[in-house]
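Peer 1: Here's the letter readout for the chains.
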Amino acid sequence: MQKKYLIGKKAVVLLLIPALILISIFLIFPAIWVLKLGMTNETLTGIKAREPDFVGFENFLRIFSDRFFYNALRISLLFVFGSAIVGQAGLGMILALLTYRKSRRLRTTVQSIVILAWIIPEVVVAYLWIAFLDKDFGTLNVTLSWFGFEKVNWFYNHPILTIVLFNTWRGTAYSMLLFSAALETIPPSYLETADIIGTSAWRKFKDIVLPNIKSYIFTDLILITLWTFNVFTPYLLTGGGPAFKTELLPIYIYRNAFRYFKIGYGSAISTVVLLINLLLAIFYITLSRRKRT
Amino acid sequence: MKRWICLLIILALAVFVVAQKVTIIANAIKGGKNTQVVEWFEKFLPDIEKELGIQVELIQTGIKDEDFKARIVLDIKGGGGADILWIDGFWVPEFVEAGYLRPIDDILESIPAWKYYFDSMKAMGSYKGKTYLVPASTDVRMIYYNKELFKKAGIPIPWQPKSWDDIIKTARIIKEKLPGVIPLQINAGTEMGEATTMQGFFMVLLGAGGNLYDWDSGKWIVNSSALRDTLNFYKQIYVDEKLGDAQLQVSPGAREKTFDLFRQEKIAMYVEGTWMYTSVLNPNNPSWGFPDRDERIGWAAMPGRGRPGDPEFVSISGGTGFAVNPNTKNIKLVAEVLKRILYVEPQLSYFMLKPFVSPRSDLADSCWTVNKDKFIAETSRALVKYTTFRPAFPVYPEISFQAQLLTERVVTKQMTIEQALKDFAAEVTRIVGKQNVIEKP
Numbered sequence: 001m002q003k004k005y006l007i008g009k010k011a012v013v014l015l016l017i018p019a020l021i022l023i024s025i026f027l028i029f030p031a032i033w034v035l036k037l038g039m040t041n042e043t044l045t046g047i048k049a050r051e052p053d054f055v056g057f058e059n060f061l062r063i064f065s066d067r068f069f070y071n072a073l074r075i076s077l078l079f080v081f082g083s084a085i086v087g088q089a090g091l092g093m094i095l096a097l098l099t100y101r102k103s104r105r106l107r108t109t110v111q112s113i114v115i116l117a118w119i120i121p122e123v124v125v126a127y128l129w130i131a132f133l134d135k136d137f138g139t140l141n142v143t144l145s146w147f148g149f150e151k152v153n154w155f156y157n158h159p160i161l162t163i164v165l166f167n168t169w170r171g172t173a174y175s176m177l178l179f180s181a182a183l184e185t186i187p188p189s190y191l192e193t194a195d196i197i198g199t200s201a202w203r204k205f206k207d208i209v210l211p212n213i214k215s216y217i218f219t220d221l222i223l224i225t226l227w228t229f230n231v232f233t234p235y236l237l238t239g240g241g242p243a244f245k246t247e248l249l250p251i252y253i254y255r256n257a258f259r260y261f262k263i264g265y266g267s268a269i270s271t272v273v274l275l276i277n278l279l280l281a282i283f284y285i286t287l288s289r290r291k292r293t
Numbered sequence: 294m295k296r297w298i299c300l301l302i303i304l305a306l307a308v309f310v311v312a313q314k315v316t317i318i319a320n321a322i323k324g325g326k327n328t329q330v331v332e333w334f335e336k337f338l339p340d341i342e343k344e345l346g347i348q349v350e351l352i353q354t355g356i357k358d359e360d361f362k363a364r365i366v367l368d369i370k371g372g373g374g375a376d377i378l379w380i381d382g383f384w385v386p387e388f389v390e391a392g393y394l395r396p397i398d399d400i401l402e403s404i405p406a407w408k409y410y411f412d413s414m415k416a417m418g419s420y421k422g423k424t425y426l427v428p429a430s431t432d433v434r435m436i437y438y439n440k441e442l443f444k445k446a447g448i449p450i451p452w453q454p455k456s457w458d459d460i461i462k463t464a465r466i467i468k469e470k471l472p473g474v475i476p477l478q479i480n481a482g483t484e485m486g487e488a489t490t491m492q493g494f495f496m497v498l499l500g501a502g503g504n505l506y507d508w509d510s511g512k513w514i515v516n517s518s519a520l521r522d523t524l525n526f527y528k529q530i531y532v533d534e535k536l537g538d539a540q541l542q543v544s545p546g547a548r549e550k551t552f553d554l555f556r557q558e559k560i561a562m563y564v565e566g567t568w569m570y571t572s573v574l575n576p577n578n579p580s581w582g583f584p585d586r587d588e589r590i591g592w593a594a595m596p597g598r599g600r601p602g603d604p605e606f607v608s609i610s611g612g613t614g615f616a617v618n619p620n621t622k623n624i625k626l627v628a629e630v631l632k633r634i635l636y637v638e639p640q641l642s643y644f645m646l647k648p649f650v651s652p653r654s655d656l657a658d659s660c661w662t663v664n665k666d667k668f669i670a671e672t673s674r675a676l677v678k679y680t681t682f683r684p685a686f687p688v689y690p691e692i693s694f695q696a697q698l699l700t701e702r703v704v705t706k707q708m709t710i711e712q713a714l715k716d717f718a719a720e721v722t723r724i725v726g727k728q729n730v731i732e733k734p
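Keeping their order, the protein sequence lines are chains C and V. Under this note's numbering, think of the first position of the first sequence as 1, with each following residue one higher. Under this note's numbering, think of the first position of the second sequence as 294, with each following residue one higher.
Hints listed in this document are in silico derivations from the structure and should not be mistaken for laboratory results. Positions of the beta carbon are idealized from the N, C-alpha and C atoms, including for glycine. Accuracy of the hints is not assured; some may be wrong.
[Unchecked claim] Among the chain V residues that face chain C by a calculated CB cut under 8 Å, a handful are:
1) Glu484
2) Tyr506
3) Thr681
[To be verified] Residues of chain V clear of chain C, computed beta-carbon distances all greater than 10 Å:
4) Ile347
5) Lys370
6) Trp384
7) Ile404
8) Lys440
9) Asn575
10) Ser580
11) Pro584
12) Phe606
13) Asn623
14) Lys632
15) Asp666
16) Pro684
17) Glu691
Build out the structure end to end from the sequences listed, making use of the hints.
Peer 2: Written as structure tokens, this is what we have:
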């Protein structure tokens, strides 16, 4: 017997076409264009702006011998691990668990505060953080000096920590909301039964909560890893400095393409970053499939 | 019927005429960077509008020079942009190579003031035999010092160092007598951008008798004792003796922060251009101006290293000017507007707001006679004879970045001088090719 579908196959294809066209125009075509640009030595000024040459894979070879690339890659990985995986997902999980099965008022208050950090426009957020961390006039240093602590030049002495904390603060809301919603899907009877037999909190988490929300955790990790990998906002805080210590891959691309006008080289780096993103996505997807079976 | 068509045509023409607009872009914003430029335009643009019966709009920006450049490049490459571009003269070669500027020799023929421009200034605005830029102003570079801080530290005024050692000695006194005050800032690092190359690196390098470019052989210099001594001087200031604040140099918004600290009298000596005095410290600048600038802030010529054969004093000049966008729709109107900007009257009123070293002979004396600007008069008289220009070839910005990187690596202790120089030589060689570099003793 043929399986009954809500709509016919033809209709499905027809309905997908507009979306596919949009994806082609705004995603696939630019990606191919970037690949093509990355194989030229095109610049935004100078003679190569008018008459770029095809250079094949020269740009790619140069990327892999460019110390700034490895610097940016290292910082990006640290940033993703610190702010996305440990920071946003970890803190989001803790917050979700702490407010789980608590009064509605508490949950609403905590969520509102965390979401506030998420919905403020980026430029405003960057300004607030600069005002908070500035060496001479920042709120943090002024407060610390009341208690007799020495002023710390946060951006200079702890550059990576600064952007990791910033991005954790900025993005935790998403993970927290997702985990809170996931926790709601656990049938209350599971935990109530565990309560009755007096299971420890850790066992409840490990044996009841975790298995039930595993797939949500993977979804969250995929999304925030990719987002964090491509985030540009720290540029507004540090400009990639001091001395390139917070130069994430997107900032490295920006610097080459739009500050030094090497658009060909910048495109080549973009292609590499695109591939890294793909690898990350594939890694997470296979991992989540394996766990499910 | 005919009457109707006539009416329609007239109406269409009227709409066309009303819609006619010439736009000017400058890196200036009211109340901020180059606020005087905006005030100046506000003063005389309405007259031009009335006379020509068109709209003339000033697009304000007031951002970092590098960002301003990116904006203009992307505007023009995208087929748009303002008609008249007030840009830095050293961008001309790379812009022309990319086809971003319109040759303006035909316009200049109809501009009576053009014959008064000095040849050196005309050269700044031209490339491969054609003219692309009308210089608006030029400048010189020097050391600014805070007289109040000097008095407190017991240093006699007027102060004029004769060698690098004199600068270091003065800085040591300030460090000892005035804790909390940064004795000396000489720009370093990539955050400061071209301000590092011009106000910092070149001012030191020239003093050791060096250069980035060898004008005789037409090659880029990748290693020399002058280069080494320049870096040693940086190291002595920022690393060995901590007479300057290297963290400040490489922190985000370094230039604005430096102006802030100079305004708060927390920096005693700072090497900068004419612009610093006439615009940043200008009493009418709401952010950084000193009401008593002329009494409080002194200047001294930047000395050479101080060994026999070194130049006595050094300075390097840049300049900005008006260029024309090739995408412009109505070149005739642009020419008319440009012509009126260059009339003597508006030029003098600009000088009144923001004094500058004039690029043309009919105005060069105005600082002596018409407006009596002591600062411009004295600095021009003292420094123009020593000044030089940067090698503004299309490849220059890339080399300039390498020079900024060189200073950054030394002042932040990322590399030793030898390592940094080795990297610099390798990168410059990669950029211009082996046949275009040279090593000097």
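Peer 1: Would you settle whether the hint for glutamate 484 of chain V is holds or violated, based on the nearest Cβ-Cβ distance to chain C being less than 8 Å?
Peer 2: Holds, because the Cβ-Cβ distance from glutamate 484 of chain V to chain C comes to roughly 5 Å (cut-off 8 Å).
Peer 1: Beyond 10 Å on every Cβ pair: is that true for asparagine 623 of chain V relative to chain C?
Peer 2: Non-interface label on asparagine 623 of chain V holds, nearest chain C Cβ at 25 Å vs cutoff 10 Å.
Peer 1: Quick one: work out the minimum CB distance from glutamate 691 of chain V to chain C and report holds if it exceeds 10 Å, violated otherwise.
Peer 2: violated, 7 Å
Peer 1: Since serine 580 of chain V was said not to touch the interface, does its Cβ keep a gap of more than 10 Å from each Cβ of chain C?
Peer 2: About 14 Å separates serine 580 of chain V from the closest Cβ of chain C, which puts it past 10 Å; holds.
Peer 1: Could you check that no beta carbon of chain C comes within 10 Å of the beta carbon of lysine 440 of chain V?
Peer 2: holds, 24 Å
Peer 1: Find the nearest Cβ of chain C to the Cβ of aspartate 666 of chain V and say whether that gap is larger than 10 Å.
Peer 2: holds, 34 Å
Peer 1: Using Cβ atoms and 10 Å as the threshold, tell me whether asparagine 575 of chain V really stays out of contact range of chain C.
Peer 2: holds, 24 Å
Peer 1: Confirm or reject: isoleucine 347 of chain V is not an interface residue toward chain C, with every Cβ-Cβ distance exceeding 10 Å.
Peer 2: Isoleucine 347 of chain V clear of chain C: closest Cβ-Cβ about 31 Å, beyond 10 Å.
Peer 1: Looking at tryptophan 384 of chain V again, its CB stays over 10 Å from all of chain C?
Peer 2: Not fine: 8 Å to the nearest Cβ puts tryptophan 384 of chain V too close to chain C.
Peer 1: Regarding the assertion that phenylalanine 606 of chain V does not contact chain C, is the least Cβ-Cβ distance greater than 10 Å?
Peer 2: The claim holds: phenylalanine 606 of chain V sits with its nearest Cβ about 32 Å from chain C, beyond 10 Å.
Peer 1: Going by Cβ atoms, does lysine 632 of chain V stay more than 10 Å from chain C at every point?
Peer 2: holds, 28 Å
Peer 1: Would you check whether the claim that proline 684 of chain V is not at the interface survives, using Cβ distances to chain C and the 10 Å cut-off?
Peer 2: The claim holds: proline 684 of chain V sits with its nearest Cβ about 15 Å from chain C, beyond 10 Å.
Checked against the numbered hints above, the structure breaks hints 2, 3, 5, 6, 17 and satisfies the rest.
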